[in-house]
Amino acid sequence: MRRVYIAGASLVKVDEYWGESLDSLVSQLADGFSGLALRKIDAVYVANMLGEVLQSQANLGALVAEDLGLAGVAAFRVEAGEASGLAALHAGYQSIRAGLADTVLVLGVEKLSDASPEEAMATSSLSERYDYVGFQGVPQPAIASMMYNQYLKRFEVPQEMVAQFPVMMHEHAAKSPHSQYQFKITLESVLSSPFVSEPLRRLECAGIGDGAAAVLLCSSDALSTIRHDEVVELAGSACSTDIVFPFDREDPLRLGAASRAFEEALARAGVARRDIRVLEIHDSYSILACLLLESIGLSEPGRSGVDLKKGKYSLAGEVAVNTFGGLKARGHPAGATGVYQAAEVYLQLTGRAGECQVDGAKVGAALNLAGLGSCVFASVMKVRDV
Amino acid sequence: MLRIRASEIGRVWGVGDSELPVKEKAVNNFDEDAATMAVEARKYALVRAGVSASRIGAVYVGSESHPYAVKPTGTIVAEALGVSRRTLGADLEFACKAGSEAIQIVSGLVSSGMIEFGLAIGSDTAQGRPRDPLEYTAAAGAAAFVLGGKGDGVVGEIEASVSYVSDTPDFWRRSHERYPSHGHRFTAAPAYFHHIISSVKLLQEEGYSLSDFNYVVFHQPNTKFPFAVAKMLGIPPDKVEHGMVCNVVGNTYAASSLLGLCRVLDRARPGEKVLVASYGSGAGSDAFVVNVLDGVLERRVRAPLVDDLIARKKYVDYAVYLRARNKIRLQ
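Chains as they are written, first to last, in our numbering: chain G, 11 to 396; chain E, 466 to 796.
One or more of the hints may lead you astray.
[What the hints assert, rightly or not] Below, simulated DSSO-like cross-link-like pairs (lysine-lysine); rule was C-alpha separation at most 30 Å, straight line:
#1 K194(G) to K50(G)
#2 K319(G) to K372(G)
#3 K194(G) to K689(E)
#4 K194(G) to K696(E)
Just so you know, these hints were derived from the structure itself, not from any lab.
Owing to the predicted nature of the structure, the values given are computational and were not obtained by experimental measurement.
Construct the entire structure; sequences and hints are all you get.
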């Protein structure tokens, strides 16, 4: 199998872009690739979740290729709910590994600010079973709150242990120029914010943001023929699915798809869990951060809050988690989120994470979820000499 | 004037106190509307001005809740006032800035010499859809100003006046619709903040510095936005505090920034400078500079102060509020 490399990344600050469109957000990305050989791209995979719902726009592959002056290349949209970003990366990884392409641009774009609050709530539940959320009226935040409730009861942990995750995310985002919420919050403010669905509070949920991000994937052959930026290896990528409704699973507090995808990606990359120094996880709800860290074996069940409190997941900790603020504070432009995660790990491993830099980071990973863990993509990246 | 506590509205809809944008809001009773409130406001304005009704040459009423779709509020006010029928009267509508633009228009008529005195009124009985976030703030209120040329005992001088507008659909109500619609978060950065900051910058381009002002009054849709826009402009909060009435009367729409100016004039000293920047959805902002003059000391005591009027209140519960605002379907 051929090796796959990330040879460049470009990010737009996640924000509410009232005056922009999907096209104009994509066009902003081109600046980040100045000097790179976009002309020699074999394929463009566009990660997007809600284009036809919010912008009445499908067929984003052709649209984006045209926006970037690449009309003629193979290009199509990849949709896997909120995991569309790493799904598109996975598609690029597969193409290069299979020898069908040498250069792939993986681009995520989403514009959520076009949604009214009612539409935003409806779209946040699109990855759940419609016969549960639509017919029975149990939207995704309500299901997340049920998982949260069960977590607090089963492990007998106070809510503070979960609610401190958003506090750490904002600490990281406060140092990151591309993050949506570049300010710190306190545990008190999280715990006094209004309930979205008890016990889940507003400051424990990702906000609404627009964004676009892209990474350039290359084969080793391409690296010798095109102009490129610093390079890290996309050493492993994997996907796993689970029963869609968490309470139909054997254990609603174990994200089995995350565990399986992570293990498979690690195995493909040939690295061990203990090698991971930087980890981007899908914390659209605070409780998901806990469940993810526990499901992939970095914390014992019910103990992720204790580990966070001990500093394990801080920028200087054993495994730096969500180094630019994660979904909570960097922002969560749905289908583009996974591409942000990949680009952020790339920035860390190439030493270009600015004030968020994790010293000596050589191996990093990202986990991107659709729904509440029903479809999970995992990516493992490492510097070339590891 | 009736009041309803925001917590009473929150009680009905299951919204906790930490989420309430104001403490309470003013509510018109079933026999009050934008016209009757405009008439009452102009009564105090004329008492303070000491101008006889016969010298009023224009009556402009700004509101988004004119009692009639076709039939002017201005003529009702003029008739109640007993002014000469040789009067220019017109109704204005520009969401929450219809009152400040009445001031701009009347000051233009006075400056041009077309009239000796004119009345500029902002009056609203704003509609808030039950359960909508605006239900907590959409309130009733009116403020009136008598504008004329220079003379003895004048309260203040409008030294500069600018406007900034754009087509920004942040809040609207189509004909025959009972309640307005709004763009939620879109009403913040691209709407309220952008337009107020832009109108204030126009004044800065005319040579004003924000440090010139002793008081600053912004449109008050809630208690947060005026202080937030002040922070963005680098204006200390204590300069904004004096004009704040929103927490106890709600958002009185066309009267909002005018009431803020009234409250500032209740306490300002001669020689001080006031910056007023209104905001109207759709969208636009009028910014003007008011120099406080000697007459303010003598004339402010001729009629009740804003705080005195705010203190006149009778609390109602949500059921009575529904009746007063004609929200109960009888058939």
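Hint-by-hint comparison with the structure:
{"no.": "1", "hint": "K194(G) to K50(G)", "in the structure": "violated, 42 Å"}
{"no.": "2", "hint": "K319(G) to K372(G)", "in the structure": "holds, 24 Å"}
{"no.": "3", "hint": "K194(G) to K689(E)", "in the structure": "holds, 19 Å"}
{"no.": "4", "hint": "K194(G) to K696(E)", "in the structure": "holds, 18 Å"}
Violation of the numbered hints given earlier is confined to hint 1; every other hint is satisfied by the structure.
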